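J.: What follows is the residue order along each chain.
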Amino acid sequence: MKSFEEIVEILKNYFSDTSIEPKSDVKFEPYIIIPPQEIDKVCLFLRDNSELYFDSLVNLSAVDDFNGQKIKDEQGNEIMQGGTMSVYYHLESIKYRHKLLLRVITERDNPVVNSVTSVWNSSNWHEREAFDLFGIKFLNHPDLRRILMPYDWEFGYPLRKDYQNPEFYQGMKVPY
Amino acid sequence: MSVRTEEMVLNMGPQHPSTHGVLRLELTLDGEIITKVVPHIGYLHRCFEKHCEVMSYPQVIPYTDRMDYLAAMGNELGYVIGVEKLLRIQVPERVEYIRVIMAELQRIASHLVAIGTYGADIGAFTPFLYCFRDRERILNLFEITCGARLLYNYIWVGGLSHDLHPDFVRLTKEFIKEFKPNLRELNNLLTYNKIFIDRTANVGILPLETAINFGVTGPMLRASGLKWDLRKDDTYSVYNKFDFDIPIGEGKMGTVGDSWDRYYVRVLEMEESLKIIEQAIETLPDGDVTSAIPKKIKPPVGHVYSRVENPRGELGYFIISDGSTSPFRVKVRAPSFVNLQIMDELCRGHLVADVIAILGSVDIVLGEVDR
Amino acid sequence: MIYDFLNDLTGSPFIAGTITALLPLFAFILPFALFAVLLERKVAGHMQDRLGPMRVGYHGILQTVADIIKLIQKEDIIARNNDKLLFNIAPVLTFAGSYAAFAAIPFSSVFLGANIDLGIFYIIAVTGLVVAGILMAGWASNNKYSLLGAMRSAAQIISYEIPTILVVLSVVMLTGTMSLYDLSESQSSYFWNWYLLGGPEFEIQKFLLIPFMLIGFLIIYISTLAEVNRTPFDIPEAESELVSGYHTEYSGMKFAMFFLAEYANMFAVSAILVALFLGGYQSPFGYLGNLLNINWLIPLEQFFWFTFKGIFFVFVQMWLRWTLPRLRVDQLMAASWKYLIPIAFFNLLIIGIISIL
Numbered sequence: 001m002k003s004f005e006e007i008v009e010i011l012k013n014y015f016s017d018t019s020i021e022p023k024s025d026v027k028f029e030p031y032i033i034i035p036p037q038e039i040d041k042v043c044l045f046l047r048d049n050s051e052l053y054f055d056s057l058v059n060l061s062a063v064d065d066f067n068g069q070k071i072k073d074e075q076g077n078e079i080m081q082g083g084t085m086s087v088y089y090h091l092e093s094i095k096y097r098h099k100l101l102l103r104v105i106t107e108r109d110n111p112v113v114n115s116v117t118s119v120w121n122s123s124n125w126h127e128r129e130a131f132d133l134f135g136i137k138f139l140n141h142p143d144l145r146r147i148l149m150p151y152d153w154e155f156g157y158p159l160r161k162d163y164q165n166p167e168f169y170q171g172m173k174v175p176y
Numbered sequence: 001m002s003v004r005t006e007e008m009v010l011n012m013g014p015q016h017p018s019t020h021g022v023l024r025l026e027l028t029l030d031g032e033i034i035t036k037v038v039p040h041i042g043y044l045h046r047c048f049e050k051h052c053e054v055m056s057y058p059q060v061i062p063y064t065d066r067m068d069y070l071a072a073m074g075n076e077l078g079y080v081i082g083v084e085k086l087l088r089i090q091v092p093e094r095v096e097y098i099r100v101i102m103a104e105l106q107r108i109a110s111h112l113v114a115i116g117t118y119g120a121d122i123g124a125f126t127p128f129l130y131c132f133r134d135r136e137r138i139l140n141l142f143e144i145t146c147g148a149r150l151l152y153n154y155i156w157v158g159g160l161s162h163d164l165h166p167d168f169v170r171l172t173k174e175f176i177k178e179f180k181p182n183l184r185e186l187n188n189l190l191t192y193n194k195i196f197i198d199r200t201a202n203v204g205i206l207p208l209e210t211a212i213n214f215g216v217t218g219p220m221l222r223a224s225g226l227k228w229d230l231r232k233d234d235t236y237s238v239y240n241k242f243d244f245d246i247p248i249g250e251g252k253m254g255t256v257g258d259s260w261d262r263y264y265v266r267v268l269e270m271e272e273s274l275k276i277i278e279q280a281i282e283t284l285p286d287g288d289v290t291s292a293i294p295k296k297i298k299p300p301v302g303h304v305y306s307r308v309e310n311p312r313g314e315l316g317y318f319i320i321s322d323g324s325t326s327p328f329r330v331k332v333r334a335p336s337f338v339n340l341q342i343m344d345e346l347c348r349g350h351l352v353a354d355v356i357a358i359l360g361s362v363d364i365v366l367g368e369v370d371r
Numbered sequence: 001m002i003y004d005f006l007n008d009l010t011g012s013p014f015i016a017g018t019i020t021a022l023l024p025l026f027a028f029i030l031p032f033a034l035f036a037v038l039l040e041r042k043v044a045g046h047m048q049d050r051l052g053p054m055r056v057g058y059h060g061i062l063q064t065v066a067d068i069i070k071l072i073q074k075e076d077i078i079a080r081n082n083d084k085l086l087f088n089i090a091p092v093l094t095f096a097g098s099y100a101a102f103a104a105i106p107f108s109s110v111f112l113g114a115n116i117d118l119g120i121f122y123i124i125a126v127t128g129l130v131v132a133g134i135l136m137a138g139w140a141s142n143n144k145y146s147l148l149g150a151m152r153s154a155a156q157i158i159s160y161e162i163p164t165i166l167v168v169l170s171v172v173m174l175t176g177t178m179s180l181y182d183l184s185e186s187q188s189s190y191f192w193n194w195y196l197l198g199g200p201e202f203e204i205q206k207f208l209l210i211p212f213m214l215i216g217f218l219i220i221y222i223s224t225l226a227e228v229n230r231t232p233f234d235i236p237e238a239e240s241e242l243v244s245g246y247h248t249e250y251s252g253m254k255f256a257m258f259f260l261a262e263y264a265n266m267f268a269v270s271a272i273l274v275a276l277f278l279g280g281y282q283s284p285f286g287y288l289g290n291l292l293n294i295n296w297l298i299p300l301e302q303f304f305w306f307t308f309k310g311i312f313f314v315f316v317q318m319w320l321r322w323t324l325p326r327l328r329v330d331q332l333m334a335a336s337w338k339y340l341i342p343i344a345f346f347n348l349l350i351i352g353i354i355s356i357l
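Residue numbers (our numbering), protein chains in the order written: chain A, 1 to 176; chain B, 1 to 371; chain C, 1 to 357.
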């Protein structure tokens, strides 16, 4: 069992030229911020390193940080410009019983993150869900389709904070 | 002359007797042998996570009931534990005990449905009704406790909505006494039935490595041979005060991690749950169950991941608070959602009839898959 | 027999033939189907700790009648892509196959549609029509589930006919007759004369035969169970896999035809068992009519015993259905080809050897 600081130490030693940014001053759960283009490599290392051995991805959640600039679009709806989106990875090692929280921050206007499906198969549907509901594109994902929404849904990504319901979907009135 | 053969695509569901709800499976068949399974989900999508963002913390609780509607107590427990962590409140001992009793009763009720419908999928309809007869008694217990039989809104942040009914302890003891022989009867009727074993043993074998890599949890993971149960391994509430075992798959009738193991782990877990309930009602402390309920729920800024062992696996809530009265983001790690991914891996090379046997042993609830 | 009697009575072979043909349908199959459906529901209900139908009539006695009325009222749905000709013929053919079998079944010494010398052969041949009907239904429905169900059904019925025929053959070899009437007559008076217990001849052979006859009986019971598509062999219409197999697309009376055929078949195979092994219509304990010297009572008693034995085996079929899970296709085939056929074959050989001793 390794503590958070030890894990950060190991990571920093191995990825010396990548920005590994630990955040331990937050309440409850400290996390490490990883750049979106490096996440798959970091995860592969975390899984295969014999001291860490994070063999299980417990959860993957996307979050709309909603921290950009609020502007009005043509219809007068409030939308967000700029800002970031995050993806949180909850890892756990079943062998050593330690846990880790990773966070990836990407641009809200063009969210692109490397997929970790090649590392843990369990992230497959989680990433599809994040793509479906937030519009985050996961590079190298084997099957990035919508999962919960209809395949022909073209009215945006529902879990974004500035999402607006369409008036009609396939001739049916949406707001009831 | 060569005969031209082609693969057939069979669309199973969303209206099919044994897809357990509105799951659609796109099966690619070579004769009757499966070459590919593509699950299509989302027919029951109700934007639970979006709803959470506009409701106050206590208002979310009834919505959690509606995810895994067969294990509503477990859903509430997981969410409430998360919010309590954010608020850093300590709940009275009696509340914790009652929560454990409810969660374990719910586990038995949920496993009874899983086992019963599994029998019905295999073609034995009678065990299904036997299971529902026993489940009905548990629902009666819930009914006298909180008035609802399926969606309870019983476990609240910091406490419970009601204290136990005066008859609850007596009725629970009666239930346990009568349920034990029923469980034996069920084993004789279904578990050790030769045809049932032939249908399920060595079908849909899930090796442990694959199971962990696919994030499979709950009885499925344990059936593959790993002693991993959050009630012990990442204990919450007062589970550490009780003595119980974690049954794992041993490949008694076939290979470790086959459908029979997944089924049998559930049967054994019901016995363990009975043990926990017995211990909990013996040592049930006194106290007020509503005293610790906060007047105003406004957690500080932060995020927390709380998880509980639901009947179907690890149910996790990733709750982010922005300091207001409603959560900024709630992400649910639904066990069925993650477990269902493995269908393609398990089904390949089996017959159509095995898809049913495998799907039943995965035991999904579509309300939770689609949220 | 009935035909001769009616022919003498009316003097017209046509009227006699029509009445003889319709008699089993109206006097037996329809009431039996009504009764059997109700029995099935009641048996299922009580086995599953519930009551079954309780609303229509006293304890739900009229439930099936209500269901039939409902089915008659239903719309007859034919999908656009169905093969209409085959789709319409299929239920008729299936029902005709199982109905025709009743012509040669001896309900009592006088109630026998036609005393064919090749009775048992005829029944086995004519029930083969059912396969054609099922295949047609599956193909014409233009539905993948129906097609899979029909394919399974054809494979299953054909493979399970072999052990059935092998066992029938062993009895035929022993008795030297294929007429069900003669078979029943030869097992007269008491139950120790039944072929299940070695047949009427009281010699050392009889006792040697008993175990092999029991084995033969078990085999034919299992294989006929598979032939009528009942659990644990109900894979052609496996509800949880194939929705309802070959009759998924049928509605209204056409569905009722399949339904009726299933229950008629259940009784037909039980009747074969009874005629071959359990003395046919003969009473196990002698007749009340003989005791009281009332001659006309004897055929009625025979009819009672025949239906009683038949319905008992129908009840056992239901009992199995509500107890056992369902086999898988490959296991079903294995059960027939790997176990039943070899055992039936050796059983046939041994019975042959014993009979020439």
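Just so you know, these hints were derived from the structure itself, not from any lab. Since we're looking at a predicted model, the values are computed, not measured. Incorrect hints may have been included.
Claimed, not checked - Here are the computed lysine-lysine pairs in the DSS-like style, where the Cα-Cα straight-line distance is at most 30 Å:
#1 A:K137 with B:K36
#2 A:K173 with A:K161
#3 B:K36 with A:K2
#4 B:K252 with C:K206
#5 A:K95 with B:K180
Claimed, not checked - Not the full set, but computed from the structure, chain A residues with beta-carbon under 8 Å of chain B:
#6 V26
#7 E29
#8 I33
#9 S61
#10 G68
#11 Q81
#12 I94
#13 Y96
#14 H98
#15 N121
#16 L144
#17 L148
#18 Y157
In this text, a Cβ means the ideal position worked out from N, Cα and C, and glycines have one as well.
J.: Against this structure, judge whether each hint is valid.
T.: The hints, checked one at a time:
no.	hint	result
1	A:K137 with B:K36	26 Å, holds
2	A:K173 with A:K161	22 Å, holds
3	B:K36 with A:K2	41 Å, violated
4	B:K252 with C:K206	45 Å, violated
5	A:K95 with B:K180	35 Å, violated
6	V26	6 Å, holds
7	E29	6 Å, holds
8	I33	13 Å, violated
9	S61	4 Å, holds
10	G68	15 Å, violated
11	Q81	20 Å, violated
12	I94	6 Å, holds
13	Y96	12 Å, violated
14	H98	11 Å, violated
15	N121	5 Å, holds
16	L144	14 Å, violated
17	L148	4 Å, holds
18	Y157	11 Å, violated
In this structure, the earlier hints numbered 3, 4, 5, 8, 10, 11, 13, 14, 16 and 18 are contradicted, and the remaining ones agree with it.
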